[in-house]
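S.K.: Given next are the chains, with one letter for each unit.
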Amino acid sequence: AQSVTQLDSQVPVFEEAPVELRCNYSSSVSVYLFWYVQYPNQGLQLLLKYLSGSTLVKGINGFEAEFNKSQTSFHLRKPSVHISDTAEYFCAVKEVAGSYQLTFGKGTKLSVIP
Amino acid sequence: NAGVTQTPKFRVLKTGQSMTLLCAQDMNHEYMYWYRQDPGMGLRLIHYSVGEGTTAKGEVPDGYNVSRLKKQNFLLGLESAAPSQTSVYFCASSPYRRTSGRAGADTQYFGPGTRLTVL
Numbered sequence: 001a002q003s004v005t006q007l008d009s010q011v012p013v014f015e016e017a018p019v020e021l022r023c024n025y026s027s028s029v030s031v032y033l034f035w036y037v038q039y040p041n042q043g044l045q046l047l048l049k050y051l052s053g054s055t056l057v058k059g060i061n062g063f064e065a066e067f068n069k070s071q072t073s074f075h076l077r078k079p080s081v082h083i084s085d086t087a088e089y090f091c092a093v094k095e096v097a098g099s100y101q102l103t104f105g106k107g108t109k110l111s112v113i114p
Numbered sequence: 001n002a003g004v005t006q007t008p009k010f011r012v013l014k015t016g017q018s019m020t021l022l023c024a025q026d027m028n029h030e031y032m033y034w035y036r037q038d039p040g041m042g043l044r045l046i047h048y049s050v051g052e053g054t055t056a057k058g059e060v061p062d063g064y065n066v067s068r069l070k071k072q073n074f075l076l077g078l079e080s081a082a083p084s085q086t087s088v089y090f091c092a093s094s095p096y097r098r099t100s101g102r103a104g105a106d107t108q109y110f111g112p113g114t115r116l117t118v119l
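Residue numbers (my numbering), protein chains in the order written: chain A, 1 to 114; chain B, 1 to 119.
Worth flagging that the hints you see were computed from the coordinates, not collected in a lab. Bear in mind that the values here come from a model prediction, so they are computed numbers and not experimental data. Among the clues, some could well be false.
Partner residues are not named here, just some residues of chain B that face chain A (Cβ under 8 Å, in silico) [to be verified]:
hint, residue
1, PHE10
2, GLY40
3, MET41
4, GLY42
5, LEU43
6, LEU45
7, GLY51
8, TYR64
9, PRO83
10, SER84
11, PHE90
12, THR107
13, GLY111
14, GLY113
No more than 20 Å apart at the CA atoms, straight line, and that leaves these computed lysine to aspartate or glutamate pairs for EDC-like [as the list claims (entries may be wrong)]:
hint, chain 1, residue 1, chain 2, residue 2
15, A, LYS109, A, GLU64
16, B, LYS57, A, GLU64
17, A, LYS109, A, GLU20
18, B, LYS9, B, GLU59
19, A, LYS106, A, GLU16
20, B, LYS57, B, ASP26
21, B, LYS70, B, ASP38
22, A, LYS109, B, ASP38
23, A, LYS106, A, GLU15
24, A, LYS69, A, GLU15
25, A, LYS106, B, GLU79
26, A, LYS106, B, ASP38
Label-pair distances were calculated between CB atoms; the ranges are [stated by the list, open to error]:
hint, chain 1, residue 1, chain 2, residue 2, range
27, A, GLU16, B, GLY77, 29 to 39 Å
28, A, ASN41, B, PRO83, 18 to 28 Å
29, B, GLY77, A, GLY62, 15 to 25 Å
30, A, ILE113, B, PRO83, 33 to 43 Å
By construction, the Cβ of each residue, glycine as well, lies at the ideal position given by its N, Cα and C atoms.
Could you build the full structure based on these sequences and the hints that come with them?
M.R.: Written out as structure tokens, the structure is:
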């Protein structure tokens, strides 16, 4: 079975500063990887996903993530954050050949400070 | 195109009461899911369905039942609510891989959530 660890539960960062949200996963088989964002009092929205190919994945709102198979990581980055990026971010993993179940990390709350 | 909708948005129950949460999607997706979200726990899968008339247990199914009588609807039932079921419930759907292709498959689309409090 797969698992996901988001290493930071809360990340405060000043506006226009860069940010990295860390995600490590554990699985014995090939996986797909996802980042979802949840704005306050809303459902989850897909930010980006890695299925195959280039290990650098670009998503919406200027976010990108890099898949590192040897380190089993899928860290999310943005070079310059805005107040509107304040939200909770979830990393998720799914086995390529498995069922349609996603396994989520516990989330990282990003707080952008003006 | 409303996407995934959930009814109701908020509900307060007393211990022992029953209720049904309704999820509807208008994207013709084959797969539907129910999750619960608790502080510091992320999202945990309760039940899911891979097609009309089929359901399966997820990570935390105890105390819940589901039904998928129509492709577009997925119902989550609590027969005898307990305070431990106080949570935010999210429904999601995803397309059938063979028809949507790899680019579209495996992406889950979420509803806005139902906040349930059991007293």
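S.K.: Evaluate each hint against the coordinates.
M.R.: Hint check results:
Interface restraint check: PHE10 of chain B against chain A, minimum CB-CB distance 11 Å, threshold 8 Å, status violated. At its closest, the beta carbon of GLY40 of chain B sits 6 Å from a beta carbon of chain A; the interface hint therefore holds under the 8 Å criterion. Interface hint status for MET41 of chain B: upheld, as the beta-carbon distance to the closest one in chain A is roughly 6 Å, under 8 Å. Look at GLY42 of chain B: its Cβ gets to within about 4 Å of chain A, closer than 8 Å, so that hint holds up.
The restraint placing LEU43 of chain B at the interface with chain A holds, with a minimum CB-CB distance near 4 Å, inside the 8 Å limit. With a cut of 8 Å, the hint placing LEU45 of chain B at the interface with chain A holds, because the nearest CB-to-CB distance is about 6 Å. With a cut of 8 Å, the hint placing GLY51 of chain B at the interface with chain A is violated, because the nearest CB-to-CB distance is about 11 Å. At a threshold of 8 Å, the smallest CB-CB gap from TYR64 of chain B to chain A is about 16 Å, leaving the interface hint violated.
Because the beta carbon of PRO83 of chain B sits about 22 Å from the nearest beta carbon in chain A, more than 8 Å, this interface hint is broken. Interface hint status for SER84 of chain B: violated, as the beta-carbon distance to the closest one in chain A is roughly 18 Å, over 8 Å. Interface restraint check: PHE90 of chain B against chain A, minimum CB-CB distance 6 Å, threshold 8 Å, status holds. Restraint check, THR107 of chain B versus chain A: the minimum CB separation of about 6 Å is within 8 Å; hint holds.
Hint on GLY111 of chain B holds. Least Cβ distance to chain A is approximately 5 Å, under the 8 Å limit. A hinted interface residue such as GLY113 of chain B counts as satisfied when its beta carbon comes closer than 8 Å to some beta carbon of chain A; here the least separation is about 5 Å, so the hint holds. Taking the CA atoms of LYS109 of chain A and GLU64 of chain A, the gap is near 17 Å; set against the 20 Å cutoff, the hint holds. Under the criterion of a C-alpha separation no larger than 20 Å, the hint pairing LYS57 of chain B with GLU64 of chain A is inconsistent with the structure, at around 33 Å.
Pair hint LYS109 of chain A plus GLU20 of chain A holds up; C-alpha atoms about 12 Å apart against a cutoff of 20 Å. Between the alpha carbons of LYS9 of chain B and GLU59 of chain B the distance comes to roughly 24 Å, so the proposed pair goes past 20 Å and is violated. For a cut-off of 20 Å, the pair hint linking LYS106 of chain A to GLU16 of chain A is broken: about 26 Å separates their Cα positions. With a CA separation close to 24 Å, the supplied pair LYS57 of chain B and ASP26 of chain B exceeds the 20 Å bound.
Between LYS70 of chain B and ASP38 of chain B the CA atoms are separated by roughly 29 Å; this puts the pair beyond 20 Å, and the hint is violated. As the CA atoms of LYS109 of chain A and ASP38 of chain B are separated by approximately 14 Å, the hinted pair is consistent with the 20 Å bound. Restraint check for LYS106 of chain A and GLU15 of chain A: not satisfied, since their Cα atoms lie roughly 24 Å apart, outside the 20 Å limit. As the CA atoms of LYS69 of chain A and GLU15 of chain A are separated by approximately 31 Å, the hinted pair breaks the 20 Å bound.
Simply put, LYS106 of chain A and GLU79 of chain B have alpha-carbon atoms about 28 Å apart, too far for the 20 Å limit, and the pair is violated. Restraint check for LYS106 of chain A and ASP38 of chain B: the C-alpha separation of about 9 Å stays at or below 20 Å, so the hint holds. For GLU16 of chain A and GLY77 of chain B, the hinted distance range of 29 to 39 Å is not satisfied, since their beta carbons lie about 48 Å from each other. For ASN41 of chain A and PRO83 of chain B, the Cβ-Cβ distance of about 22 Å falls inside the hinted range of 18 to 28 Å, so the restraint holds.
The hinted range of 15 to 25 Å is not satisfied by GLY77 of chain B and GLY62 of chain A, whose Cβ atoms lie roughly 41 Å apart. Our hint of 33 to 43 Å for ILE113 of chain A and PRO83 of chain B holds, since their Cβ atoms are close to 36 Å apart.
In summary, the structure is inconsistent with hints 1, 7, 8, 9, 10, 16, 18, 19, 20, 21, 23, 24, 25, 27 and 29 from the numbered list given earlier, while agreeing with the others.
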